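S.K.: For reference, the chains in residue letters:
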Amino acid sequence: MRCNDAAEFVSALCDGETIPPKAAEHIGHCSTCRVRLQGYLELGAELRRVSSLEPLSEVTSRRWMNDRQTPGWWTKGRESMRIPRFAFALLLLVIVALGSSLVLVRAKARTAGAVLMLNVKPPHGVPIRCALSLVDKKWGMCAQLNPPQYLLGIEVLSHTEDQVELGVREQFNPAPLGAGSHRASIEDLQKIPQKSYWFHPGEKLAIDVSGAGQLELTGGLTDHMPPLVNWAAEDLQIDPGPGEMRIISPILLRGDKVLFDFEGASSVQKDRRVVQMYSPGQGLWVLSPCPLVGAVEAEVALSRVKFKLNGEPHTFVMATPVTREQHLWVLHDPHYKPSDPNLDRPFLGVADPERLANSPQNR
Amino acid sequence: MPTDRERWKQICSGDGTAFNEVYRENAAGIRAFLRHATGNQQTAEDLMQETFTALWQRRNRYLPEQGSLRSYLYGIARKRAADWWRTQRPGEPSQAEPSFPLAEMTSVVNDALQRLPHEQRTLLWLREVEGQSYAELASVFDIPVGTVRSRLFAARETLRRIWHSPCPEKEEV
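So the protein lines, in turn, are chains A and B. Each residue of the first sequence is one higher than the one before, starting from 1 at the first, in this note's numbering. Each residue of the second sequence is one higher than the one before, starting from 1 at the first, in this note's numbering.
Heads up, some of the hints might be wrong.
Claimed, not checked - Heads up, incomplete: computed chain B residues facing chain A, CB under 8 Å, no partners named:
no., residue
1, Y134
2, A135
3, R160
Hints were generated in silico from the structure; no laboratory data involved. Just so it is clear, the structure is predicted and the values come from calculations on it, not from any experiment. Ideal placement from N, C-alpha and C gives every residue a C-beta, glycine not left out.
Please model the complete structure; the sequences and the hints are all you need to start from.
M.R.: Shown next, in the form of structure tokens:
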């Protein structure tokens, strides 16, 4: 090794560093390198001596205020955090429990929902369906007043997890009412004593009707009030069935003026039954899938029923398509008024054409 | 004695008292280093204050695992000095007063040191006077340890040549 090659290691020796054996061996025998080493050491010593002569002035005292730096949200978001193992395990359990409860809530809504769908088979007349809310008393009752031979009212009184207490008012009138002499009202129904029964969803409840046979109630719970009680929710499709006339939330327009707006819904099959609507001041309106005496023919376009009355265009606008037929018949009695002033309020319901509200026997 | 990591944890949480300890321990050394680096006492004082202020304001930037706090501080100070040198016009003598105003200090070695290039001067001064290790110097100058060794050798050789030359060489400062 030559002196020039060893020179850098001489410098490293000054700094207390170890050097390669060949360099160490050369420096040990080379007087030039040892002179260089001595020179470096003297330089260092001289530098330290001179710096020691510098005046030792005090550094300016400063006060560093306690300053809790608030990291930005981005910085916080990127930071990691430590949590105890048991806390992590608890977190997992909570997530699993929450996920499970969602499933339970959904399942519960279907099995123990807030609406009781009842299939009612009276001893007289046609079967009906009732949707009774368990939580909203406004929708917690249904009644059948027509035909008046058998009056029926069913009301939710209370409920538990798996059964519903029903208040039933029913009365069979063996003697047919005199033609046109009487039309039953809610007030008539209220006069009948109410009996309480516990109904178990999924099971049949049979109630003996004096002199007429049995009233049979079947059905179950569902999680919502269906738009049409005559359909199970899963059966309700936007396309009306064959022969069906479906009236949901009808609005009647004369020209561009709204005559009335109903919230109710009803449906009939092409079985000689009709839907009638009464609005105070607007008279009685009847929609029929079959021709009626005095009725005008109307054109059906999906959810609209258009017809002319006294030369003026009228349109029923429904929430869903009305029927598969192309035509319906509309009967209007502008002078109709319920005989009982207490009943002078809007109604919408199914009727037998022979027993329309405006028929003489019902006036 | 708390480690750099423990102390820095306190500082990062905004503990002014902990930072004041760091200031008191290092301020004099940093100022002396800057005085040699700039040749100006007032500039050194200003840059020292700037160095600590920068450290306090951006304390999240220091990572203890990447080196000692002292070398990090000297790294900031060195960059401040380099920035200061960039603002000085080439060839124009700095407005600095002599860094060693006392007669005793106007030694030959001091004169020779002032003739070294800026980086060699600061490197040699940190090694010989501050006693910083190769690793610390590598951190301060942001260079590999092997480069520290070769640059220290170059600085010593230059200083030795100047010191022993009969006439002062015109070395770049």
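S.K.: Each hint needs a verdict: does it hold in this structure or not?
M.R.: Now the hints, each set against the structure:
| no. | hint | verdict |
| --- | --- | --- |
| 1 | Y134 | holds, 7 Å |
| 2 | A135 | violated, 11 Å |
| 3 | R160 | holds, 5 Å |
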